[in-house]
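Just so you know, the sequences run in chain order A and B.
The first sequence begins at 1 in the working numbering and counts up by one.
The second sequence begins at 1001 in the working numbering and counts up by one.
Keep in mind that the hints were calculated from the coordinates and are not lab data.
Fair warning: there could be bad hints in the mix.
[Said to hold, decoys possible] List time: in silico DSS-like cross-link candidates among lysine-lysine, alpha-carbon distance up to 27 Å:
(1) A:Lys484 to B:Lys1131
(2) B:Lys1133 to A:Lys484
(3) A:Lys390 to A:Lys367
(4) B:Lys1133 to A:Lys536
(5) B:Lys1145 to A:Lys84
[To be verified] Restraint ranges, calculated between C-beta atoms of paired labels, are given here:
(6) A:Asp220 to B:Lys1140: 52 to 60 Å
(7) B:Thr1052 to A:Leu553: 55 to 63 Å
(8) B:Glu1114 to A:Ala580: 55 to 63 Å
(9) B:Thr1149 to A:Lys390: 54 to 62 Å
(10) B:Lys1064 to A:Ala147: 50 to 58 Å
Note that beta-carbon positions come from the ideal geometry of N, C-alpha and C, so glycine has one too.
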Amino acid sequence: MRVNQVETSGDEHGSSILDLARADITESSTKTRNCAACPGSGSGSGSMEFQSPYPDQVLENVLENVLHFLTARRDRNAASLVCKSWYRAEALTRSELFIGNCYAVSPRRAISRFTRVHSVAIKGKPRFADFDLMPLNWGAHFSPWVAAMARAYPWLEKVYLKRMSVTDDDLVLLSESFPCFKELVLVCCEGFGTSGLAAVAGRCRQLRVLDLVESEVEDDEVEWLSCFPESQTHLESLVFDCLEFPVNFDALESLVARSPSLKKLRLNGFVTTSQLYRLVIRAPQLTHLGTGSFSASDAVAAGDQEPDYASAFAACKSLVCLSGFREIFPDYLPAIYPVCTNLTSLNFSYANINAEQLKSVICHCHKLQTLWVLDSICDEGLQAVAATCKDLRELRVFPENANEDTEGPVSEVGLQAISEGCNKLQSILYFCQRMTNAAVVAMSKNCPDLVVFRLCIIGRYRPDAVTGEPMDEGFGAIVRNCTKLTRLAVSGLLTDRAFGYIGQYGKLVRTLSVAFAGDTDMGLKYVLEGCHSLQKLEIRDSPFGDEALHSGLHHYYNMRFVWMSSCKLTPHACQEVARALPHLVVEVIRSEEGRSVDDTVEILYMYRSLDGPRDDAPQFVTIMQ
Amino acid sequence: MSSPVEQITVVSSDGDEFKMTVAAAMQSEQLKQMLTDDSISIVKVPVENISTEILVKVIEYCQKHADHEAATKANGGGASDSEAEELNKWDAEFMKVDVEDKLFHILMAANYLEIKGLFDLACQTVADLIKGKTPKQIRKIFNLKNDFTPEEQERLSRQHNCSFD
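Bound-form chain A, shown alone (with noise of 0.2 Å):
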């Protein structure tokens, strides 16, 4: 939330376009390793004594040790820009690398500066290729980062890949190059299947992390949960909620009864509420668990005598976290009455609930700090959680149907009976069919901690569904009241006036969406000139053009990724963007192949790059130059 310190005044403003491309830092000749790293003797008389009375390897040695305790990406790298001597102990010391854009920086690049890594993150697609709008194969590809992580990293511990192509092939590469792998996370991923997971499950002897998050995931019809060792594992955390076909349910249960140190467990839509029942037994000590289907099961139909759920479920004292739900039987609910006192987490996102049966789970969520709903819980059940959980930090409601034709079951209402009830909330994603702008405004007052705020009124160029006028006016408010904003998603009917608040007073504003909304150029404009912490912007179906395009170039330098698809740009102002700023890469990307090329530019995708445009570019995407 802080503005990032390592800029320098000079760069907003288009100073001279730097030849980022030469040879790195550490290959320059610094061989005068002494002095510089020195601090004189006595204090600050200002003169530089250019003696020192501790030879370099010293000095170095204990830099290296106190840079052990500096573990922010920010006060790492303000460390290393000191002198020459701290850039070399930094480099040598950091062991969380995090790469922001896979194709902001070669893999050469970063595992020459950085050698002794533990543990990686890398991001690769845009966020709204989760939403289908970037066509596939389109790159973001795992492997070269891999082939050259398997070299230089023989000590790493964990990934994190977010957005990332991982194929099987890289996975087995990964299970065969590090032999203390801990851990792995790969959130939105796709390109693999069960045999990558396999090799990752049997080679992997010190695995403690398995987390699939909304990745697609092929099934290769190989039974990957049979895969792990036979003896104890070290596993605490196994999450493949996403898979979409089912497992091996003996190998799973097996698998969990000798993992004593399984603490996060969400199982995927395919596990039955029975099978659920016999995991859940086994294991007690769980924090985080996903239920599963958690549908009827045949025993209902049947009229038999179904396992003690809430027994179970009692059992389990450690529970903070629960989700899954993705069949929802609403009888089955009171078997999790037990651990609603504890939870912190519950996420109902998949559970077609009602309010009454959703009140009959909240009354009892006093401690709830994140809630994930769908809005078949109504206005009211958004108004029995204000009342409940006056904890509550985080709340999602996503829209049952995305139907821009129906009335919606949550509204404005809802919005305002949290804002009234929830004044501790930092972060909102609300998705709605009407709102108004005083509960808008409501909610800027009422939440003054709000760090996110995301809302998507579904239809398009929807005004205020009681005064008719635009949405301006409520998101104005926003930013101008929530002081500490740093992520704003705006729709609805919007003027220029809107963007001219956000670039007014989101001075903090780094993330920016904006979907069917807008109306001339100098909306976008007011943006570019404002928001001077903007790193992303995602702008989709948005009456932006050439002219707006052009008076972001003093900024893009400064950003992350800008991406904006159906607009109104034309290929020859992207053109111009590219040519003005060489470090910039440019992609142009067709939507559909064999498309007649007329004169408008579907997606745009732009983001700077240390190493210039990438060279594994499929055909339908044009690289400006």
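Add chain B to chain A, keeping to what the hints say.
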């Protein structure tokens, strides 16, 4: 192999002499090795790169921690929570030096004499000073010279913004 002496004398780089009890001296791995080596007979130990100002602080630390250890042993084993907390508080106060490069010298002294507790404590304190600061601010605190050219500096800045942040 107990040493026959009950005190040793350490001499700062300024030439001043200070007495340390054996228990305090044993907090330093360096001094400990000297004391437990019968082939060395110690009278005075010069510590060439530690000034009087710093040496006084280091001895104070060693004595406090030696006393704490002795008290713990007398009570038959581990320190109670409140005793440990009290020591932590003392350590925190101890590290509040008026001038930051004094802190740096204490760190170097702890490194040289191999006093692990003080070394870790000083490293953590120095790291805490760095947190949230810009490179310029860090340089000022530790009186360091910026030996990057402006071009190198801006290039690196962009590297960070671009990829590693």
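> Does the alpha-carbon distance linking Lys1145 (chain B) and Lys84 (chain A) stay inside the 27 Å limit?
Replying inline: Given pair Lys1145 (chain B), Lys84 (chain A) holds - Cα atoms ~10 Å apart, limit 27 Å.
> If you check the beta carbons of Glu1114 (chain B) and Ala580 (chain A), does the distance land in 55 to 63 Å?
Replying inline: With Cβ atoms ~58 Å apart, the hint holds.
> Is it true that Thr1052 (chain B) and Leu553 (chain A) lie within 55 to 63 Å of each other by Cβ?
Replying inline: Cβ of Thr1052 (chain B) to Cβ of Leu553 (chain A): about 60 Å, so the range 55 to 63 Å holds.
> Does the Cβ-Cβ separation between Thr1149 (chain B) and Lys390 (chain A) fall within 54 to 62 Å?
Replying inline: With a Cβ separation near 56 Å, Thr1149 (chain B) and Lys390 (chain A) satisfy 54 to 62 Å, so the hint holds.
> When you take the CB atoms of Asp220 (chain A) and Lys1140 (chain B), is the distance between them in 52 to 60 Å?
Replying inline: holds, 59 Å
>> Check the hint pairing Lys484 (chain A) with Lys1131 (chain B) against an upper bound of 27 Å on the C-alpha distance.
In response: holds, 21 Å
> Are the Cα positions of Lys1133 (chain B) and Lys484 (chain A) separated by 27 Å at most?
Replying inline: holds, 20 Å
> Falls inside 50 to 58 Å, the C-beta gap from Lys1064 (chain B) to Ala147 (chain A)?
Replying inline: Between Lys1064 (chain B) and Ala147 (chain A), where Cβ atoms are some 54 Å apart, the hint holds.
>> Tell me if the straight-line CA distance from Lys1133 (chain B) to Lys536 (chain A) falls inside 27 Å.
In response: holds, 25 Å
>> Given the hinted pair Lys390 (chain A) and Lys367 (chain A), is their Cα-Cα distance within 27 Å?
In response: holds, 8 Å
Checked against the numbered hints given earlier, this structure breaks none of them.
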